[in-house]
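Those protein sequences? They're chains W and U, same order as listed. Last residue of the first sequence: 256 (our numbering), numbering continuous. Last residue of the second sequence: 458 (our numbering), numbering continuous.
Taking lysine to aspartate or glutamate and the DMTMM-like style, the derived pairs with C-alpha atoms no more than 20 Å apart in a straight line are:
| id | chain 1 | residue 1 | chain 2 | residue 2 |
| --- | --- | --- | --- | --- |
| 1 | W | 54 | W | 43 |
| 2 | W | 163 | U | 271 |
| 3 | W | 163 | U | 253 |
Short, incomplete list of chain W residues facing chain U, as computed with Cβ under 10 Å:
| id | residue |
| --- | --- |
| 4 | 164 |
| 5 | 167 |
| 6 | 179 |
To be clear about the criterion: a stretch of chain U counts as covered by chain W if any three or more of its residues have a C-beta under 8 Å from a C-beta of chain W, and this derived list gives those stretches:
| id | region |
| --- | --- |
| 7 | 247 to 257 |
| 8 | 272 to 279 |
By construction, these hints were calculated from the structure, which means they are not laboratory data. Being a predicted model, the structure only gives us computed values, none of them experimental. Here a beta-carbon is modelled for each residue, glycine too, at the ideal position from N, C-alpha and C.
So the chains spell out like this:
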Amino acid sequence: MKQRFVNLLLPLAGIAMAVAGWWAASQAVPDLPSPLRTWEESKLYIVEPLTKRGETDQGILLLAWYSLMRVARGFLLGIAIATPVGFLLGVSSTLTRMFDPIMQVLRPISPLAWLPLGLILFQKSEPAALFAIAVCSMWPTVINTMVGVRAIPQDYWNVAKVLRLSRTTTFTKIILPATLPYTFTGYRLSLGIAWLVIVASEMLTGTPGVGGFLWQEYNSLVYAHILLAIITIGVVGFVLDRLMGLAEARLRAV
Amino acid sequence: MAFIEVTGLSKSFTTSSGTRHVLRDVSLTVEHGQFISIVGAMGSGKSTLLALVAGLAPADAGTITIGGEPVRGIRPDSAFVFQNYSLLPWFTALENVRLAVEAAFPALSRQDQRRTATEALERVGLGTALNRRPRQLSGGMRQRVALARAFATRPRVLFMDEPFGALDALTRETLQQDLARLCSDGDQPVTTVMITNSVEEAILLSDHIVPILAGPPATLGAPIVVDLARPRSAAQLAHEEQATQVRASVISTLTAALARPKASAGSPGRGPVALAVVEETR
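When you get a sec, could you build the whole thing from the sequences and use the hints?
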């Protein structure tokens with residue numbers, strides 16, 4: 003009982019300190035809204051989270067939902083490419099040697115750099131955003147899947163060998179289940195990156211969502227809403243990671 | 177012609193630190209339905225020899241024939257039992273055995289495949305553990321699943337690499353008895369090559385014991401016949417005169433080879449001289 007109380011109290015104390023720091027900063031910088039002002043100006047968005055008042059003037063959950071859907075599409079596109087690529091690189095050292103340098107060069111490129119390229123390629127902002135999300139978020143899945151295939155114990159390969167399993171059976175009954183936990187860790191990391199990219203891509207393309215909202219409110223000088231957007235992005239990202247973590251734990255328990 | 181004939185087999189591995197000759201000019205014959213044990217110390221090249229005979233790895237020189245056909249890979253009528261069970265953890269006991277049955281008898285209906293696998297598990301006393309996963313089974317039970325998987329495909333040849341090496345002494349003994357029963361149970365005799373470092377295990381199960389003399393490169397000693405009535409029991413073997421003689425003969429052959437200076441193994445004029453890399457990489 004006491005332990006649980008402490009477990010609850012300590013994070014709350016941390017949050018209180020962070021808010022205090024925020025308040026102190028707002029006293030020093032006149033343009034930065036204090037926590038209280040932020041709450042007052044954002045209240046409408048939080049107490050009516052699903053109300054649509056205009057194209058960008060919407061409840062915060064509605065905005066987050068748009069962003070989530072965009073992330074989901076970009077993320078699914080990313081892992082749909084990354085998973086098979088990861089398996090191929092895992093089984094073939096020739097392919098790995100061929101593509102590893104390219105991967106290492108593409109991996110650190112910022113979403114801000116991919117976005118204009120996406121706009122050139124697809125002419126429209128929505129597919130460009132998906133392109134940027136997919137390209138940025140696919141790497142952890144590629145790499146984790148590849149590592150997962152390489153980490154398959156020799157014992158399992160021996161089973162495939164002595165039972166003379168076909169290529170398809172070896173893949174579905176041995177490689178796939180043995181790699182799944184690694185791949186899933188890749189998915190979790192990829193989703194984290196996809197969520198990072200969403201803000202940048204919405205800011206640049208001006209599409210409705212938390213990121214787009216953030217940029218628009220900055221341009222209309224409603225600084226409190228920037229903080230609201232930032233906190234929302236953080237909370238949603240945290241919840242996503244926790245959900246993926248739970249799914250991952252279930253998977254490993256099998 | 178013997179069922180398994182191995183002549184002049186050699187194998188070496190080349191690594192960055194040099195070439196290691198694991199086996200040189202090894203010959204071996206196994207008659208149809210015989211159970212032979214290759215006994216030797218760890219790192220003597222036993223596993224390499226078994227892998228070559230089973231077709232898991234290619235030899236550098238020499239010929240291997242089984243049933244008159246040269247070995248070019250793993251035979252469909254063979255089965256393999258590994259020391260570390262090698263069960264797939266995401267499958268239940270039944271699914272593990274079914275995987276082997278499906279691969280060996282693709283023409284059977286799913287129902288028949290399932291029944292064959294179930295029967296194989298029942299024969300090793302695991303009829304009530306069909307749906308348990310390997311991690312829910314003890315070491316002995318896991319190796320029983322591995323035995324069931326091997327025997328479910330009704331192999332003509334069985335290769336076993338230290339099958340009970342990871343088990344405690346008591347479990348080991350019951351599994352040895354199970355194995356002896358499985359080998360004599362079937363409608364067709366199973367020709368078995370087992371690798372072990374336990375002389376007792378070899379005496380309990382084999383028709384012939386072949387000592388492997390530590391190298392590198394390793395060579396085989398003359399086969400020692402175990403002419404004891406079956407079924408055999410460990411208790412009986414402890415007293416029987418003939419078992420004592422076999423034991424003494426195997427141990428003296430093995431220790432004599434160990435006492436011999438390493439250099440003499442690479443006698444001149446028989447291929448490249450072995451570099452003394454003793455550690456066997458597994």
